[in-house]
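4 protein chains.
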Amino acid sequence: MAHDKLKQEVCRANKALVEAGLVVLTWGNVSGVDRASGVMAIKPSGVGYDDLIPKDIPLLSIKTGEIIEAGLQPSTDTPTHLLLYQEFESIGGVVHIHSTYATAWAQAEREIPCLGTTHADHFSGSVPLTRPLRPAEIQDDYECNTGRVIVERFAELGLNAADTPAVLVRHHGPFIWGENPQSAIENAIALEEVARMTAVTMQINSQALPCPEALLEKHFLRKHGSNAYYGQRSGGASSS
Amino acid sequence: MAHDKLKQEVCRANKALVEAGLVVLTWGNVSGVDRASGVMAIKPSGVGYDDLIPKDIPLLSIKTGEIIEAGLQPSTDTPTHLLLYQEFESIGGVVHIHSTYATAWAQAEREIPCLGTTHADHFSGSVPLTRPLRPAEIQDDYECNTGRVIVERFAELGLNAADTPAVLVRHHGPFIWGENPQSAIENAIALEEVARMTAVTMQINSQALPCPEALLEKHFLRKHGSNAYYGQRSGGASSS
Amino acid sequence: MAHDKLKQEVCRANKALVEAGLVVLTWGNVSGVDRASGVMAIKPSGVGYDDLIPKDIPLLSIKTGEIIEAGLQPSTDTPTHLLLYQEFESIGGVVHIHSTYATAWAQAEREIPCLGTTHADHFSGSVPLTRPLRPAEIQDDYECNTGRVIVERFAELGLNAADTPAVLVRHHGPFIWGENPQSAIENAIALEEVARMTAVTMQINSQALPCPEALLEKHFLRKHGSNAYYGQRSGGASSS
Amino acid sequence: MAHDKLKQEVCRANKALVEAGLVVLTWGNVSGVDRASGVMAIKPSGVGYDDLIPKDIPLLSIKTGEIIEAGLQPSTDTPTHLLLYQEFESIGGVVHIHSTYATAWAQAEREIPCLGTTHADHFSGSVPLTRPLRPAEIQDDYECNTGRVIVERFAELGLNAADTPAVLVRHHGPFIWGENPQSAIENAIALEEVARMTAVTMQINSQALPCPEALLEKHFLRKHGSNAYYGQRSGGASSS
Chain A
1 MAHDKLKQEV CRANKALVEA GLVVLTWGNV SGVDRASGVM AIKPSGVGYD
51 DLIPKDIPLL SIKTGEIIEA GLQPSTDTPT HLLLYQEFES IGGVVHIHST
101 YATAWAQAER EIPCLGTTHA DHFSGSVPLT RPLRPAEIQD DYECNTGRVI
151 VERFAELGLN AADTPAVLVR HHGPFIWGEN PQSAIENAIA LEEVARMTAV
201 TMQINSQALP CPEALLEKHF LRKHGSNAYY GQRSGGASSS
Chain B
1 MAHDKLKQEV CRANKALVEA GLVVLTWGNV SGVDRASGVM AIKPSGVGYD
51 DLIPKDIPLL SIKTGEIIEA GLQPSTDTPT HLLLYQEFES IGGVVHIHST
101 YATAWAQAER EIPCLGTTHA DHFSGSVPLT RPLRPAEIQD DYECNTGRVI
151 VERFAELGLN AADTPAVLVR HHGPFIWGEN PQSAIENAIA LEEVARMTAV
201 TMQINSQALP CPEALLEKHF LRKHGSNAYY GQRSGGASSS
Chain C
1 MAHDKLKQEV CRANKALVEA GLVVLTWGNV SGVDRASGVM AIKPSGVGYD
51 DLIPKDIPLL SIKTGEIIEA GLQPSTDTPT HLLLYQEFES IGGVVHIHST
101 YATAWAQAER EIPCLGTTHA DHFSGSVPLT RPLRPAEIQD DYECNTGRVI
151 VERFAELGLN AADTPAVLVR HHGPFIWGEN PQSAIENAIA LEEVARMTAV
201 TMQINSQALP CPEALLEKHF LRKHGSNAYY GQRSGGASSS
Chain D
1 MAHDKLKQEV CRANKALVEA GLVVLTWGNV SGVDRASGVM AIKPSGVGYD
51 DLIPKDIPLL SIKTGEIIEA GLQPSTDTPT HLLLYQEFES IGGVVHIHST
101 YATAWAQAER EIPCLGTTHA DHFSGSVPLT RPLRPAEIQD DYECNTGRVI
151 VERFAELGLN AADTPAVLVR HHGPFIWGEN PQSAIENAIA LEEVARMTAV
201 TMQINSQALP CPEALLEKHF LRKHGSNAYY GQRSGGASSS
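Chains as they are written, first to last, in the working numbering: chain A, 1 to 240; chain B, 1 to 240; chain C, 1 to 240; chain D, 1 to 240.
Simulated from the structure, these hints should not be mistaken for laboratory data.
Treat the hints loosely; a few may be bogus.
[To be verified] Here are the computed distance ranges between Cβ atoms for each label pair:
no.	chain 1	residue 1	chain 2	residue 2	range
1	A	D163	D	D140	16 to 26 angstroms
2	D	L157	A	G225	27 to 37 angstroms
3	B	G158	A	R35	43 to 53 angstroms
4	B	K55	C	Q8	44 to 54 angstroms
5	A	A162	B	H224	37 to 47 angstroms
6	C	R134	B	R134	39 to 49 angstroms
7	A	D51	B	H224	16 to 26 angstroms
8	A	D163	D	I53	29 to 39 angstroms
Note that CB positions come from ideal geometry on N, CA and C, so glycine has one too.
All chains, full assembly: derive it from the sequences and hints.
Given below as structure tokens:
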């Protein structure tokens with residue numbers, strides 16, 4: 001069956017949650033996919049990060065959610081991850097955590113406004129917040145409905161998953177994604193730090209205003225636009 | 001006399017307080033019990049965690065509080081631990097700490113409301129707060145009375161110790177418990193993080209509302225109910 | 001000349017500031033004394049903690065402030081340390097730091113009220129705040145005048161240095177002391193954590209009330225009174 | 001071409017950002033100059049600090065901004081660094097970071113007031129804040145205009161770069177400098193800690209007042225004035 005590389009990548013990304021200080025106990029999980037074969041690998045439920053080894057990582061069909069290769073029991077949040085991969089076709093890795101500051105914004109029932117260039121370097125605008133789940137949506141098919149309200153909110157706001165790689169699930173916490181598990185981890189680090197920095201900003205000035213639109217765009221596009229000039233390009237473009 | 005395993009377990013759990021960042025100096029203690037023989041092991045008073053070795057851990061009778069096997073002097077908080085074991089029969093480990101955020105809630109004279117699923121994953125509702133001790137209860141038998149107001153508060157609120165494994169002693173700090181010393185430590189980590197996350201939430205939105213009841217129940221029960229589906233079960237239940 | 005042990009002790013205590021997270025850069029200094037010979041050893045000025053070795057520690061006369069054995073230049077705060085040793089005869093070690101929370105209280109021009117037992121375990125009441133220095137007291141003999149307003153404030157409030165082993169110098173930061181350099185470090189750790197915990201408490205409840213007097217006394221005395229029962233006594237008293 | 005020493009120094013200073021906890025991901029860059037040859041060395045864009053080696057550090061002409069010795073692509077912030085070196089002739093190292101607290105002040109659109117001696121030990125007064133960039137200044141030549149508003153603000157306030165070695169760029173974050181890359185790092189550590197301490201002070205007392213002028217001057221001058229007496233001098237001056 002293989003997919004050894006995917007399992008290793010997902011295993012490593014889960015351990016990276018601890019190194020980045022994004023989890024305590026077993027409060028987070030990372031998944032990754034191989035789009036070509038339609039397979040998702042995800043952290044097993046309730047297993048400590050130190051104990052995690054690639055062979056314990058279960059594989060599931062992205063399309064049907066069926067287990068393709070049994071490791072340990074997959075995370076209880078598996079249906080949310082699956083739905084995100086089904087609906088957001090550009091993404092290759094998903095992180096779910098209960099990190100202090102991003103979770104606090106979700107509990108405060110506030111989206112995270114973009115107050116500066118640190119935020120704009122990573123997210124093309126506010127980090128959105130889902131609507132409350134209805135009691136029936138909580139009772140049945142809860143984890144799948146969690147994915148559905150994320151997709152619903154992105155549709156309402158006309159957001160695309162590539163430019164806004166994170167969401168706050170109300171009263172719950174963040175889901176974050178990226179091109180692969182590693183980039184999802186990087187976006188999770190960025191989200192938590194932005195969530196913290198924004199909370200501190202509002203403590204200093206409770207009337208803090210959003211970052212001007214032109215500056216937001218400049219920073220987002222110099223890193224992510226078609227003429228992006230951040231980082232190392234193949235072909236050696238000019239310096240700035 | 002033995003109980004070597006219990007002493008090792010309690011010794012290790014006390015050192016885990018430091019690793020988890022829950023104590024400075026000697027600001028915390030962990031105990032554990034062997035219910036079969038009615039014996040409690042507890043940290044000795046004022047000893048540094050680095051210096052702690054199993055043979056220094058004293059053993060006491062849960063029923064009478066008498067020393068069964070002398071190690072060093074037991075923690076000054078010993079009578080509180082004993083009373084909790086006497087009154088809460090399901091518990092096998094107790095932690096007392098002065099961790100920053102949980103202690104701050106105790107000093108603020110506020111119970112910790114359940115604002116989200118992180119809290120609900122560990123505690124079936126608000127983390128309760130004891131009433132003030134009367135001067136006479138402070139003067140005489142102080143540590144035992146501390147245990148009594150905990151038990152009194154649980155009775156008043158109709159709480160059971162298994163579903164609400166922590167309490168805030170007013171103007172003092174938290175006591176936390178679990179099935180054994182290790183699970184008490186895990187609940188202590190959860191409490192401190194929830195205490196912090198709730199404080200940050202209220203800084204972001206001072207009017208933050210409690211987590212809807214249905215969501216609280218869902219999260220508590222998917223982890224702790226009779227149909228819990230979090231973690232690895234023997235017998236290999238279905239994925240989510 | 002010797003005093004090798006004192007120099008080693010002071011060297012070690014200065015390095016302990018870093019381990020305890022109480023300083024960045026060179027923002028703190030520790031001194032110690034040998035009362036029998038009337039000698040004070042203190043950190044040299046502006047030297048990094050990693051580079052510090054016992055032979056660089058200068059020795060001064062407590063009485064005259066004259067250098068007895070030249071190491072590197074003593075800390076600019078030397079006259080404050082000297083005055084504290086001259087006036088508070090029970091103390092054997094002094095710490096001065098710019099730790100985040102204690103310094104914030106000093107900058108906020110607020111003494112730290114005793115809101116709970118964590119505070120009462122270490123300080124017999126509020127941590128006091130000095131009056132502002134007058135311009136002339138700043139211009140001339142500044143560091144000595146800093147010591148003088150500390151002593152003045154203790155006299156005004158009828159405090160003794162043994163029961164209240166710390167003070168906040170207004171707009172500046174804390175001085176902390178103890179029986180020896182190591183106990184001064186422990187009191188500094190306690191002060192910083194209490195300063196942080198009190199700030200968090202007041203963020204949760206801006207109307208937080210002081211710890212009831214009976215509880216404050218109980219905790220202070222069970223650790224420091226003549227019938228103290230915290231820690232390990234020679235002679236093996238009963239458990240609680 | 002040499003400049004090996006400069007490249008090593010800049011490489012080491014960039015890694016020091018991580019050790020000091022001032023950056024996550026690749027959120028910061030340090031440069032240094034050799035004034036004699038008119039050469040600037042700067043971190044390459046988007047490269048992880050762990051992977052950084054001296055030979056990847058590009059060299060540019062301070063005067064023209066042209067690449068003198070190609071390493072990897074220089075930081076996108078290169079034009080800001082260049083302008084600072086061109087305009088502030090006393091400086092030899094520049095740090096740009098998105099550290100939590102200093103960035104929060106920049107996002108809060110507030111300069112950092114001097115509330116105590118910790119601040120005064122490093123900065124001769126408030127840490128200034130630049131005016132908002134106009135949309136046209138953002139669209140074209142953005143990074144160079146960022147440098148221009150810094151210089152403009154220093155001119156308006158009559159500040160000199162040596163006495164005020166940091167600035168907050170509005171909605172963006174801090175730039176910090178020093179005599180060389182290492183001293184710029186030290187000033188960056190001081191700025192972040194001062195930014196945090198000031199935020200905590202204002203949480204404790206929202207009406208906190210500035211440090212009295214005489215005290216600010218005393219502390220700044222005892223460390224930086226012509227009669228400075230902090231640190232170790234050649235020639236062995238008297239103790240305090």
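**Message:** If you test the structure against every hint from before, which numbers come out violated?
**Reply:** Number 4 only.
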